[in-house]
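Enquirer: Below, each chain spelled out in residue letters.
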Amino acid sequence: MGLPAPAEAAVVRITTTSGAIHVVAEPGRTDVWSSTDPLDDGRLPPTIDGGSSRVRVLVPEGTDLVVGATSGRVTIEGRVGAVSAMTTSGKVSIADAESVDVRSRSGRIEVKRTAGTCRAIATSGRVEVGRCGDADVTSGSGRISLEDVNGRVRAHCSSGRIEISMGGAHDVDAETVSGRITVSLPAAVRALVVPLPGDAAVGADDCDCVVVARSGSGRVDVSHR
Amino acid sequence: MTVDPTLSAIRTGAILFTDLVGFTEFTDARGDTAAVEVLDAQSTIAAAALADVDGQLVKELGDGLMFWFDHAAHGLQTAACILETIEVARAEHGFPLSLRMGMHCGDVVKRGADFVGQTVNIASRIADLAGPGELLVSEQVVSAVDGDSSAAAFRPVGPTRVRGVASPIWLYRLAN
Numbered sequence: 223m224g225l226p227a228p229a230e231a232a233v234v235r236i237t238t239t240s241g242a243i244h245v246v247a248e249p250g251r252t253d254v255w256s257s258t259d260p261l262d263d264g265r266l267p268p269t270i271d272g273g274s275s276r277v278r279v280l281v282p283e284g285t286d287l288v289v290g291a292t293s294g295r296v297t298i299e300g301r302v303g304a305v306s307a308m309t310t311s312g313k314v315s316i317a318d319a320e321s322v323d324v325r326s327r328s329g330r331i332e333v334k335r336t337a338g339t340c341r342a343i344a345t346s347g348r349v350e351v352g353r354c355g356d357a358d359v360t361s362g363s364g365r366i367s368l369e370d371v372n373g374r375v376r377a378h379c380s381s382g383r384i385e386i387s388m389g390g391a392h393d394v395d396a397e398t399v400s401g402r403i404t405v406s407l408p409a410a411v412r413a414l415v416v417p418l419p420g421d422a423a424v425g426a427d428d429c430d431c432v433v434v435a436r437s438g439s440g441r442v443d444v445s446h447r
Numbered sequence: 346m347t348v349d350p351t352l353s354a355i356r357t358g359a360i361l362f363t364d365l366v367g368f369t370e371f372t373d374a375r376g377d378t379a380a381v382e383v384l385d386a387q388s389t390i391a392a393a394a395l396a397d398v399d400g401q402l403v404k405e406l407g408d409g410l411m412f413w414f415d416h417a418a419h420g421l422q423t424a425a426c427i428l429e430t431i432e433v434a435r436a437e438h439g440f441p442l443s444l445r446m447g448m449h450c451g452d453v454v455k456r457g458a459d460f461v462g463q464t465v466n467i468a469s470r471i472a473d474l475a476g477p478g479e480l481l482v483s484e485q486v487v488s489a490v491d492g493d494s495s496a497a498a499f500r501p502v503g504p505t506r507v508r509g510v511a512s513p514i515w516l517y518r519l520a521n
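Chains A and B, in that order, give the protein sequences. For the first sequence, my numbering begins at 223 and goes up steadily by one. For the second sequence, my numbering begins at 346 and goes up steadily by one.
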């Protein structure tokens, strides 16, 4: 089913209850195609609501998306614009987005690449981020893994492990109540490592970045590679 | 239990829930005394934020708080003030935990000193979805403050569903 192409700054909104959401951004595509009828909700483009059925949507590259499912899996392939996604229990997988804001109560979150900010919040699921700019990631009990961060990091975990690999000299604020924290820095980066943000007032001028890492009961390792 | 019907009335306004992220794990790690100190500090910050608005602290729910506001804009003002104060305290004084918040507006039933109804349930659900240092609000809140010169900028985060509500509830976060 063809829908009007999103106007500049328009956002494609997709929702289901238990149905999975599968979005593919196709090079050269100019319109939005959906496997289900859009709602007549007065929005342009209209909201695509799949209910309990699986929804497949094809969009032009660079399209901004706001998507959400209760228990269905969310998969976004191709190069898209700003993505906001939310699920209760389904896994969220995003291949390549300009920026990401994704949250899940119990499903796993996987972001392979985003040039901009990656904000990911999981209540109990694991969070894995490949290459990104700034990262703002939270998990209640799941592990956080940031593989190639090229911006500021804020990572918070209540009881899981945090692993961060920095691609450059950027500030890190990592905190877990009971898990282990591992931060890997490029060899040439001089970092000031402190347990509290307020402690960075002394000595930061001589360093390339500040790493604030604190764990209530776990070990903290900051190393160069 | 019988409730005096004269104490019940339908009102329209905004409900704000807050929750301390990781409070249970913090209590396990640091002990009860440290946990109570955190709760006391939170109460002091909340009371100060309410000083200049038309709102009230309805009740404490463990490490969470529930507020009522006649106007959504007052709720936003209070929430932003609390979040900022907590973040400054974390950075400068080592306040150990972050706060997450959720707000929704609509009709509620006032039952004695409490407020009940689907608006309350939805606000609580929204708070559960927020991250540390984050305020999430429903589309209804954004609409309620639309045109208000003090209205803050919001970013969409997606839809959520609540049992008993047919349509998805579209959520926004207060932009940093």
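Just so you know, these hints were derived from the structure itself, not from any lab. The beta-carbon is built from N, C-alpha and C at its ideal position, and this holds for glycine as well. Heads up, some of the hints might be wrong.
On the chain A side, residues computed to face chain B include the following (Cβ under 7 angstroms) [unchecked claim]: (1) Thr258; (2) Thr292; (3) Ser293; (4) Thr297; (5) Asp323; (6) Ser437.
So these bits of chain A aren't anywhere near chain B, every CB distance computed over 10 angstroms [as the list claims (entries may be wrong)]: (7) Arg235; (8) Asp271; (9) Asp318; (10) Arg327; (11) Arg447.
Listing some non-contacts, in silico: residues in chain A with all C-beta distances to chain B over 12 angstroms [claimed, not checked]: (12) Ser257; (13) Arg376; (14) Asp395.
Enquirer: Compare the structure with each hint and give your call.
Expert: Hint by hint, here is what the structure shows:
no.	hint	in the structure
1	Thr258	14 angstroms, violated
2	Thr292	5 angstroms, holds
3	Ser293	10 angstroms, violated
4	Thr297	15 angstroms, violated
5	Asp323	6 angstroms, holds
6	Ser437	10 angstroms, violated
7	Arg235	8 angstroms, violated
8	Asp271	7 angstroms, violated
9	Asp318	19 angstroms, holds
10	Arg327	7 angstroms, violated
11	Arg447	29 angstroms, holds
12	Ser257	18 angstroms, holds
13	Arg376	9 angstroms, violated
14	Asp395	9 angstroms, violated
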